[in-house]
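Below are the chains, spelled out letter by letter.
Protein chains: 2
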Amino acid sequence: MSNNDLKVLRHSAAHLAAQAIMELFPGTLLTIGPATEEGFFYDILPEKNLKEEDLMAIEQRMKELVEKNYAIEHKEISKDEARKMYEGNPFKLELINELPGDTVGLSVQGEFKDLCRGGHVESTGGIKHFKLLGISGSYWRADKSNQALQRIHGTAFPTAKELRAYEKRQEELQKYDHRKLGRQLDYFSFQEAAAGFPFFHPKGKIILKNLVSYMRKLQNEYGYKEVQTPTILDAELWKRSGHYDYYKENMYFSEIDDEQFAIKPMNCPGAYLIYGSRPRSYRELPLKLAEFGHVHRYELSGVLHGLLRVRAFTIDDTHIFCMLNQLEAEILKILEIAFRVYKKCDFENISLALSTRPEKSMGTDKEWEKATAALENALKACGRPYTLQEGEGAFYGPKIEIVSKDAMGREWQTGTVQVDFFQAENFDLNYISSEGKKERPVIIHQAIYGSLERFFAILLEHYKGHLPFWLAPEQVRVLTITDDQKEYAQKIYERLRQEGLRVVLDTGSDKISSKIKSAQLAKVPWMLVLGNKEVDAGTVSLRLSSGKQEFGISVDELVKRAQELNQL
Amino acid sequence: MSNNDLKVLRHSAAHLAAQAIMELFPGTLLTIGPATEEGFFYDILPEKNLKEEDLMAIEQRMKELVEKNYAIEHKEISKDEARKMYEGNPFKLELINELPGDTVGLSVQGEFKDLCRGGHVESTGGIKHFKLLGISGSYWRADKSNQALQRIHGTAFPTAKELRAYEKRQEELQKYDHRKLGRQLDYFSFQEAAAGFPFFHPKGKIILKNLVSYMRKLQNEYGYKEVQTPTILDAELWKRSGHYDYYKENMYFSEIDDEQFAIKPMNCPGAYLIYGSRPRSYRELPLKLAEFGHVHRYELSGVLHGLLRVRAFTIDDTHIFCMLNQLEAEILKILEIAFRVYKKCDFENISLALSTRPEKSMGTDKEWEKATAALENALKACGRPYTLQEGEGAFYGPKIEIVSKDAMGREWQTGTVQVDFFQAENFDLNYISSEGKKERPVIIHQAIYGSLERFFAILLEHYKGHLPFWLAPEQVRVLTITDDQKEYAQKIYERLRQEGLRVVLDTGSDKISSKIKSAQLAKVPWMLVLGNKEVDAGTVSLRLSSGKQEFGISVDELVKRAQELNQL
Chain A
1 MSNNDLKVLR HSAAHLAAQA IMELFPGTLL TIGPATEEGF FYDILPEKNL KEEDLMAIEQ
61 RMKELVEKNY AIEHKEISKD EARKMYEGNP FKLELINELP GDTVGLSVQG EFKDLCRGGH
121 VESTGGIKHF KLLGISGSYW RADKSNQALQ RIHGTAFPTA KELRAYEKRQ EELQKYDHRK
181 LGRQLDYFSF QEAAAGFPFF HPKGKIILKN LVSYMRKLQN EYGYKEVQTP TILDAELWKR
241 SGHYDYYKEN MYFSEIDDEQ FAIKPMNCPG AYLIYGSRPR SYRELPLKLA EFGHVHRYEL
301 SGVLHGLLRV RAFTIDDTHI FCMLNQLEAE ILKILEIAFR VYKKCDFENI SLALSTRPEK
361 SMGTDKEWEK ATAALENALK ACGRPYTLQE GEGAFYGPKI EIVSKDAMGR EWQTGTVQVD
421 FFQAENFDLN YISSEGKKER PVIIHQAIYG SLERFFAILL EHYKGHLPFW LAPEQVRVLT
481 ITDDQKEYAQ KIYERLRQEG LRVVLDTGSD KISSKIKSAQ LAKVPWMLVL GNKEVDAGTV
541 SLRLSSGKQE FGISVDELVK RAQELNQL
Chain B
1 MSNNDLKVLR HSAAHLAAQA IMELFPGTLL TIGPATEEGF FYDILPEKNL KEEDLMAIEQ
61 RMKELVEKNY AIEHKEISKD EARKMYEGNP FKLELINELP GDTVGLSVQG EFKDLCRGGH
121 VESTGGIKHF KLLGISGSYW RADKSNQALQ RIHGTAFPTA KELRAYEKRQ EELQKYDHRK
181 LGRQLDYFSF QEAAAGFPFF HPKGKIILKN LVSYMRKLQN EYGYKEVQTP TILDAELWKR
241 SGHYDYYKEN MYFSEIDDEQ FAIKPMNCPG AYLIYGSRPR SYRELPLKLA EFGHVHRYEL
301 SGVLHGLLRV RAFTIDDTHI FCMLNQLEAE ILKILEIAFR VYKKCDFENI SLALSTRPEK
361 SMGTDKEWEK ATAALENALK ACGRPYTLQE GEGAFYGPKI EIVSKDAMGR EWQTGTVQVD
421 FFQAENFDLN YISSEGKKER PVIIHQAIYG SLERFFAILL EHYKGHLPFW LAPEQVRVLT
481 ITDDQKEYAQ KIYERLRQEG LRVVLDTGSD KISSKIKSAQ LAKVPWMLVL GNKEVDAGTV
541 SLRLSSGKQE FGISVDELVK RAQELNQL
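For the record, the sequence lines run as chains A and B. Numbering of the first sequence is given in the numbering used here, commencing with residue 1 and proceeding in unit increments. Numbering of the second sequence is given in the numbering used here, commencing with residue 1 and proceeding in unit increments.
Incorrect hints may have been included.
It does not matter which identical chain is meant; a pair holds if it fits inside one copy or across any two.
Unchecked claim - Derived lysine-lysine pairs resembling DSS-like cross-links, with alpha carbons at most 27 angstroms apart:
| no. | residue 1 | residue 2 |
| --- | --- | --- |
| 1 | K209 | K225 |
| 2 | K203 | K217 |
| 3 | K225 | K464 |
| 4 | K438 | K203 |
| 5 | K523 | K225 |
| 6 | K225 | K486 |
| 7 | K68 | K560 |
| 8 | K380 | K405 |
| 9 | K333 | K217 |
| 10 | K217 | K560 |
| 11 | K209 | K333 |
| 12 | K464 | K343 |
| 13 | K239 | K51 |
| 14 | K217 | K344 |
| 15 | K168 | K63 |
| 16 | K523 | K511 |
| 17 | K7 | K63 |
| 18 | K203 | K180 |
| 19 | K333 | K370 |
| 20 | K203 | K523 |
| 21 | K370 | K63 |
| 22 | K84 | K437 |
| 23 | K180 | K225 |
| 24 | K344 | K209 |
| 25 | K517 | K168 |
| 26 | K491 | K333 |
Hint data in this document are derived by calculation from the structure and do not stem from the laboratory. What you are looking at is a predicted structure, and each value in this text was computed from that prediction instead of being measured.
Based on the provided sequences and hints, a complete structural model is requested.
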């Protein structure tokens, strides 16, 4: 089935759902019901809010309507007629008034009519493999200052097999949902007092720290310099940067001494102020300022989604100030760093896209050519295929987007490399060239993880909870079979701790099988199972979370292997 | 001279300054002019704002008034008479109305009269050794919603020698003022767009990171667990914690979805929410949650002072949840950590004070006795003297304050250990005891650095800019005498970098003397001076910032010494 046919099917399913709803809950006002990537939804305003339990009745009624196999007909009617039909429905009236022309489309199936452009299956009998998935909150036209609505969502497929496959995949996704894993493993939580602001528990904080340490190691190697800029900055600064005009809706504000301040949604202006805090010479370039900056961005409460979509997060944000002729080499190095990071995190499938100059843009032709050539040459030099997104760059410069595919086949845009001609001008940043002249630096915005919180969530799902050794909050658990190994286990525990490993000792009275089970549940990569044989030989037996077991490893050998895996 | 006599002298000097001001700027309104620890001030409202340059004229006029040697007389006059005298001065009128009784005191010297309780030298000739120090902004009754005033401050001493000593000390303090050092060494800056919010430049950030790393090392050793809690939390939570009622003036607020949120001024509630995020067993106690929490607290712009007094800072904040019978052992461990930290930072003079139950307090007698005994026993066990501050504990528990004296003899309260009976009740925190009953944990609030920003400033002044090896942002600079040593210098540089040291290579064409001078200015602890002799022998010569020099050290020996100094 073509993608278009699938859309037609799903849009028809949305009508079907609407028909069932109108029959069961007659006073309901319908708004819009489009097909989506994953299925369809219908936004409605019922007289009394619907509950999850109501979905079953609606789905049942949909099935009955399928049985009846109503023909689905498309008609054009006059706008006046349509207005009359939707007299009590301000949403449909708004739509009717906005549509061009004098007529509007109407789809008719049995008694049920719905405003519609067209594109349907022939009869309700053609929609057999569908499922309602849930109810959530939404707003008319996704604007929270408008009327709050309820969204019924579902999906539909041409065959039962495809629907089953979809359901299975959903189950898989649900099983490894980072929110579920995060709770089970005590990594983080969300609290009523702070919707969208995550609380990292000790184990979760270790994972974040490991991500930071690894990035710091790379930054140190590549000559980045870390800075720290304030969380709150004068609103005037955000006017200067353009955020106040273009990004205000996503920002939080406060007041100090009767002046407006903003809680930073981005780290860029802080980096500019540090760059501009003293005169710079060309000898200092490229100057690479890095910040693990904690930013706050408003999101509608309805779209918050665990760590994947939060209201505050940390970016591995770097700003490279360089000369135009340094661009290519710098971008190549950034790509190098990016690929090291993704390899380290076992993302095997990375795709690159170059977005070029849009119609409206600032800067000269020559600058754009040079910058785009620099990005393109770097992409070629790194020897990986990339796609071209013509005209999709920002108005202030071209960019590279890096997308990684996870173990479940989902794609995540994490890395970005953005060239910027605009802000150096805007913040009057310059350097003294070798000829003693004032010149503007080019700025590269770079983020590899992107949001650390989001990257954390992606990794947790990508690894299905089994984080690799270097990231795991608990790396090794030492388990005794009986009390006879207590002393030996303590010695091994001390040794591993001294080596800087994150190790836990379990010498409790439980049976070894239940100790292993509990370590397995905690997703500890290494279990050291110690019995009398190990004590006598002065060795350990190593059990991996995969179940694989190895016996008679010397402690030195074990430490050596652990250190190798632990290396950043 | 007794402390009281000194106060009398300084208060008289304030009157003298006021007399001079009234003669030179007749329309000025006087408010109050008390003696202070360091000297005196007078808050005034001139018709036109005074400038720094005006101070010289005022000081000159004060000297003339001293020459005239007016007798200073004290009179009591009726309030009505006083009101008449100060008809146009709302400040003095307010004071007159507030004073008890029917009369008020007046001091008279020549033509000049001032409202005053009394306590003066006999005549203006007795005020010889004084100095005006500056003008700053203030508010009537230090309330920024009141009239803005100007504050003239100065000091006075009984002898010329004491005044000279004071001036010398001030010069010293100014020379090693962390704000000056911070700018010279490019450690941090303040920007117009964010008064009171520091920007840490690359070298300053390294210092902060070293402080964090060292504390993390100790926390890891003592079994603390690091967490991370949100910067913004619902105002409701701050009502629950009591901050909204008692600390609101110092908090910044924002709005999300029409609800009030606060930017956290403290990290405690975050820790409570994590503790309360799942059931806890007595087996988990003591549970020690640590957070390097970035907090925001409002300060008047007039009192901001470099990193010593800022509007946002990071606390090494820890919350220990324990049972009452674990208190003593935990407090002893905290003191142990504190003394390790202060020793590491070369504070030799530490004093301890125990603050006990105030009149108004919560909790039972038995709890207070136990908690106070726990603190006292820990103090005794650590074998250091301490003072008792009877009744000066918080209403929710007793505490220990730790004060360190720096190299310039100034005292800084940095560490606090506070026992808390209140918040576990307030946030309904509990654990299941060994008998299976719900019990309330006791909470210990612990901070050793206190504010990292403030501690940074204290260290910078304490060390007069010469930070010790482990803290120094640049630890080693490799200097060549001629180009002949370039290759060798590069090799040494690489080796030291690989060893994780913070090293800079200077193979420029400057003379070795100016290279040394520049390293000296940057306060680099180790300079490696390389000539042909060193190349031939494969050694280095080490020059310390003190000027001490040592020749013929092998590179391995050098690395060994550096690693020792670098150890946290």
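For each hint, the structure was consulted:
no.	hint	verdict
1	K209 <-> K225	both (18 angstroms within a copy, 12 angstroms between copies)
2	K203 <-> K217	both (21 angstroms within a copy, 17 angstroms between copies)
3	K225 <-> K464	between (34 angstroms within a copy, 25 angstroms between copies)
4	K438 <-> K203	between (50 angstroms within a copy, 26 angstroms between copies)
5	K523 <-> K225	between (35 angstroms within a copy, 19 angstroms between copies)
6	K225 <-> K486	between (47 angstroms within a copy, 25 angstroms between copies)
7	K68 <-> K560	neither (70 angstroms within a copy, 87 angstroms between copies)
8	K380 <-> K405	within (21 angstroms within a copy, 61 angstroms between copies)
9	K333 <-> K217	within (15 angstroms within a copy, 33 angstroms between copies)
10	K217 <-> K560	both (21 angstroms within a copy, 22 angstroms between copies)
11	K209 <-> K333	both (24 angstroms within a copy, 25 angstroms between copies)
12	K464 <-> K343	within (17 angstroms within a copy, 46 angstroms between copies)
13	K239 <-> K51	neither (44 angstroms within a copy, 33 angstroms between copies)
14	K217 <-> K344	both (13 angstroms within a copy, 26 angstroms between copies)
15	K168 <-> K63	within (22 angstroms within a copy, 93 angstroms between copies)
16	K523 <-> K511	within (19 angstroms within a copy, 60 angstroms between copies)
17	K7 <-> K63	within (20 angstroms within a copy, 93 angstroms between copies)
18	K203 <-> K180	within (15 angstroms within a copy, 41 angstroms between copies)
19	K333 <-> K370	within (18 angstroms within a copy, 61 angstroms between copies)
20	K203 <-> K523	within (12 angstroms within a copy, 39 angstroms between copies)
21	K370 <-> K63	neither (60 angstroms within a copy, 70 angstroms between copies)
22	K84 <-> K437	neither (72 angstroms within a copy, 68 angstroms between copies)
23	K180 <-> K225	between (37 angstroms within a copy, 22 angstroms between copies)
24	K344 <-> K209	both (16 angstroms within a copy, 25 angstroms between copies)
25	K517 <-> K168	within (26 angstroms within a copy, 71 angstroms between copies)
26	K491 <-> K333	between (45 angstroms within a copy, 24 angstroms between copies)
In summary, the numbered hints that this structure violates are 7, 13, 21 and 22.
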